[in-house]
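**Q** Heads up: the protein sequence lines correspond to chains H and W, in order.
Under our numbering, the first residue of the first sequence carries the number 23, and numbering increases by one thereafter.
Under our numbering, the first residue of the second sequence carries the number 23, and numbering increases by one thereafter.
In case anyone wonders, no lab produced these hints; they're calculated from the structure.
Some hints could be false.
[Stated by the list, open to error] With a straight-line cut-off of 25 Å between C-alpha atoms, the simulated SDA-like cross-links for lysine to any residue are:
no. : chain 1 : residue 1 : chain 2 : residue 2
1   : H       : K24       : W       : K79
2   : H       : K26       : W       : S72
3   : W       : K24       : H       : D99
4   : H       : K79       : H       : E91
Just so it is clear, the structure is predicted and the values come from calculations on it, not from any experiment.
Protein chains: 2
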Amino acid sequence: MKVKVFVRLKDTVLDPQGQTILSSINRMGYDFASEVRMGKFFEFEVNDKSCEQDLAKIADELLSNPVIEEYSIEFVD
Amino acid sequence: MKVKVFVRLKDTVLDPQGQTILSSINRMGYDFASEVRMGKFFEFEVNDKSCEQDLAKIADELLSNPVIEEYSIEFVD
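So here's chain H without its partners, still in its complex pose (with noise of 0.2 Å):
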């Protein structure tokens, strides 16, 4: 089965990234966005379910930057 994790800026958190892209959006002739923000994710291809605690440790420590960002962690079928 595959689980992913998503990891996001927290709200509070300005994202330069996404504000990049609204602008050119909106240069490009679009409006129809009042925000953008951007994220990554890690698809993992895993056994069950137990790993659950592990990911969130692994979320935690490896693939994400706790003073600014926050994780979320989702399996798939």
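Dock chain W against chain H, hints included.
**A** Below, chain W alone, put in the same frame as chain H:
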């Protein structure tokens, strides 16, 4: 409403970042994962679903590199 655009490397393309993360977690003593692949996502704040076509164009031209990456669009309530 929010809409997310997920961008990931095509399955046929090697993912060195994912491989590095897999090596790292193995070195940390975890062996639950057989593969790790990394991707990025963009969260747009929009008014309604009418932007889907524009968004597909932006995903194709600005957010992803169609030669090596693929994208998916997901509306969230």
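**Q** Next, verify each hint and record whether it holds.
**A** Here's how the hints hold up against the structure:
Annotation: proposed proximity of K24 of chain H to K79 of chain W is violated, straight-line Cα distance about 28 Å (limit 25 Å). With a C-alpha separation of about 28 Å, the suggested pair K26 of chain H and S72 of chain W falls outside the 25 Å cut-off, and the hint is violated. A hinted pair counts as satisfied when its Cα atoms are at most 25 Å apart, and K24 of chain W with D99 of chain H qualifies at roughly 24 Å. The hinted pair formed by K79 of chain H and E91 of chain H meets the criterion: a straight-line CA distance of about 14 Å does not exceed 25 Å.
The structure shown violates the earlier hints numbered 1 and 2.
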